[in-house]
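Q: Numbering follows our numbering, in which position 153 of the sequence shown is assigned residue number 165; successive positions increment by one, without gaps.
Please note: incorrect hints may appear among the correct ones.
[As the list claims (entries may be wrong)] Once the Cα atoms are required to be at most 27 Å apart in a straight line, the calculated DSS-like pairs of lysine-lysine come out as:
hint: 1; residue 1: 405; residue 2: 386
hint: 2; residue 1: 556; residue 2: 236
hint: 3; residue 1: 387; residue 2: 57
hint: 4; residue 1: 252; residue 2: 199
hint: 5; residue 1: 175; residue 2: 236
hint: 6; residue 1: 595; residue 2: 626
hint: 7; residue 1: 236; residue 2: 139
hint: 8; residue 1: 386; residue 2: 497
hint: 9; residue 1: 63; residue 2: 175
hint: 10; residue 1: 626; residue 2: 604
hint: 11; residue 1: 336; residue 2: 405
hint: 12; residue 1: 345; residue 2: 280
hint: 13; residue 1: 405; residue 2: 387
hint: 14; residue 1: 304; residue 2: 336
hint: 15; residue 1: 63; residue 2: 92
hint: 16; residue 1: 199; residue 2: 314
hint: 17; residue 1: 199; residue 2: 175
hint: 18; residue 1: 581; residue 2: 626
hint: 19; residue 1: 57; residue 2: 139
hint: 20; residue 1: 428; residue 2: 497
hint: 21; residue 1: 297; residue 2: 236
hint: 22; residue 1: 435; residue 2: 386
hint: 23; residue 1: 236; residue 2: 581
hint: 24; residue 1: 252; residue 2: 304
hint: 25; residue 1: 314; residue 2: 345
hint: 26; residue 1: 297; residue 2: 345
Since the hints were made in silico from the structure, they are not lab data.
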Amino acid sequence: MEIMRVIASSFMVLFFMFAQPGAAATNEPDLTTLLAQHSTYTDVKISPDGKHLAAVIRAEGRRALLFIALDGFQMVGSAKFPGLLEVGSYQWVNNERVVIELAESSPWSEEPLYYGELFAVNYDGKKSELIFGYRAGEQQIGTRFKAKEGRRAWARVVDTLEKDDDNILITATNWSASGDGMAEILKLNVYTGATKRLAAAPAPYSRIITNAQGEPRVAVTTTKNYLQDVYLREQDQWTKLPDQWFGEAVKVVAVSASDDSLILLDQKDTPMPALSRMDFQGQRKTIFTDAKVGITDVELTKQDQQPYALRLDDGYPDYVLLDKKRVESQLFKELASAFPGEVLTITSRSSDDNTWIIYAYSDISPGAYYLYQKKENSLRKLLDRKPELLQRKWSATEAISYTSFDGLPIQGYLTKANKAQSKALVVLVHGGPHGVRDYWGFDEEVQLLSQSGYNVLQVNYRGSGGYGAGFQQAGYLQWGDAIQKDISAGVRYLTAQGVASADQVCIMGGSFGGYSAIQSAAVEPDLYRCAIGVAGVYDLELMKSDGDIPLRSFGIAYLDLVLGTDPAKMRAFSPAHNASSIKAPLLVIHGKHDKRAPYSQAQALRTALDKHNKTYQWLEFDDESHGFYDPQNRAQYFHAALSFLQQHLKP
């Protein structure tokens with residue numbers, strides 16, 4: 013039976029009443045301000061009994077949690093925090109209670125960070141408790157917080173223990189600069205904050221996976237040599253499983269429902285990463301692998317955490333159903349017909365399998381949440397992630413592929429300008445670079461550029477994730493060379509196709525993309541008319557002494573793996589040491605509290621540019637870190653980028 017789609021407008025009105033001022037304004041702001049705003053509504057989930065909805069919303073500029081009774085769509089409670097605190101991730105624990113990760117910003121940095129504190133509250137706002145964290149013993153945060161013993165540790169929820177309404181399973185890692193403390197595994201009471209120690213993790217940086225009974229069963233750790241170890245817990249003891257059992261980039265997805273094997277994602281004896289079942293004797297059976305791309309996501313059942321669907325991204329997103337008898341698989345198949353050409357996620361479902369929350373988005377839609385009720389076979393739209401964007405027609409994105417300088421196939425995306433005759437091209441380089449890639453979907457920066465008259469190229473260059481271990485490793489030691497040649501090959505491909513003019517190309521990006529933009533301007537000085545570097549690294553040697561990566565126990569091993577140890581080669585790949593080759597004008601943008609790409613990186617580039625009398629513009633933010641969190645700062649960045657492009661690349 014085909015799913016019926018209707019709109020529940022009364023629910024959306026209720027959300028607008030609680031949202032921040034201006035969220036429903038009729039006067040549309042300029043494009044930079046419009047696209048710079050935070051999402052108004054996110055992370056919508058249904059309670060286990062299907063009676064209440066929770067949604068993260070923006071209230072007075074900060075994330076709050078709103079609770080709605082499904083019967084009548086009436087607001088019944090909320091969780092909103094004072095001062096610089098706001099809602100982070102959250103989970104329903106039982107029919108009445110959620111646990112929230114508290115996030116906190118600071119006077120010198122707009123972006124809120126998680127310091128390990130967990131807060132619990134009922135949907136009606138009652139029994140609110142700070143149940144874990146360094147301020148659990150204080151009453152300074154608000155009058156409803158009860159005094160407890162504080163603990164300076166990061167808490168991470170491992171399992172909500174579906175059969176235990178009062179407790180959840182967490183890991184607690186004591187604070188340290190490196191974050192490499194040995195985590196404890198605790199059972200935490202979500203009403204009282206009382207804890208019971210169950211075990212210790214077998215090694216630092218452990219991700220704990222439980223079995224169907226909620227017992228700690230597997231740990232995946234990252235070693236000082238930037239390798240991964242897998243441990244199995246039996247009879248209260250951790251045993252390291254042999255390395256030869258596993259392939260590249262192993263990820264334990266789940267423990268089998270029978271508790272006698274692991275469900276793995278890794279690349280062992282297959283051209284691409286595969287989903288496999290491996291028993292505790294090392295014998296494995298491949299469940300699924302694709303010939304062209306890796307597996308983007310594995311969807312798990314709520315009841316026993318078993319895989320039922322896989323997402324693949326060979327250009328456009330696609331789905332593979334593993335067990336067509338499961339209710340999730342049946343629903344996913346119907347949803348694919350109801351949402352043709354959109355990316356789908358089931359955010360949550362009720363325990364009786366009747367009520368489901370669906371999130372759907374596309375390249376021209378920033379996304380919306382839907383309520384599906386199985387008995388009525390109805391699908392009702394609840395709210396849009398960014399309702400202020402609904403009235404505008406956005407630019408479509410198409411998947412492209414081409415061959416790089418050495419014959420390597422490269423995939424990417426092209427979003428054409430809203431002006432049909434435009435030959436101006438902006439290359440937008442993704443960060444990472446390793447394990448990260450661009451995906452098809454709605455992107456605010458892409459839309460900013462295309463709506464302003466520029467064609468936009470995104471490249472999944474060698475080193476990007478999603479195309480197998482070999483493709484990712486091909487980018488190691490090639491940051492300043494082959495990776496940049498992959499990007500330049502994309503420019504030349506579009507020029508040959510008539511999409512771009514050879515003298516109308518600029519390049520920009522953030523993080524590694526910022527590095528790439530400036531490095532490309534150095535190694536291809538005649539290809540790019542201008543370049544914009546945002547939060548980039550510009551001196552690769554500095555990466556081994558400055559920033560947060562060297563602080564981690566595996567940080568130097570990782571940098572040695574991807575950058576190498578030859579100082580001469582690192583300098584050759586560093587824009588700060590190649591400034592003399594740059595011809596294009598630059599725009600350099602950086603946050604002064606950036607820990608991933610410290611401000612010293614921008615200063616090193618600036619010194620080199622000044623030394624060689626290069627043309628550049630400079631924009632820095634005193635209250636931002638790695639990127640731009642504050643909407644006003646983000647709008648300022650957007651405005652500066654467009655103004656700079658219009659100076660040098662007229663659409």
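Q: Each hint: holds or not?
A: Hints, verified against the model:
no.	hint	result
1	405 / 386	violated (33 Å)
2	556 / 236	holds (15 Å)
3	387 / 57	holds (19 Å)
4	252 / 199	holds (24 Å)
5	175 / 236	violated (37 Å)
6	595 / 626	holds (8 Å)
7	236 / 139	violated (43 Å)
8	386 / 497	violated (51 Å)
9	63 / 175	holds (19 Å)
10	626 / 604	holds (22 Å)
11	336 / 405	violated (37 Å)
12	345 / 280	violated (30 Å)
13	405 / 387	violated (35 Å)
14	304 / 336	holds (24 Å)
15	63 / 92	holds (21 Å)
16	199 / 314	holds (20 Å)
17	199 / 175	holds (13 Å)
18	581 / 626	holds (23 Å)
19	57 / 139	holds (20 Å)
20	428 / 497	holds (22 Å)
21	297 / 236	violated (30 Å)
22	435 / 386	violated (49 Å)
23	236 / 581	holds (24 Å)
24	252 / 304	violated (32 Å)
25	314 / 345	holds (17 Å)
26	297 / 345	holds (25 Å)
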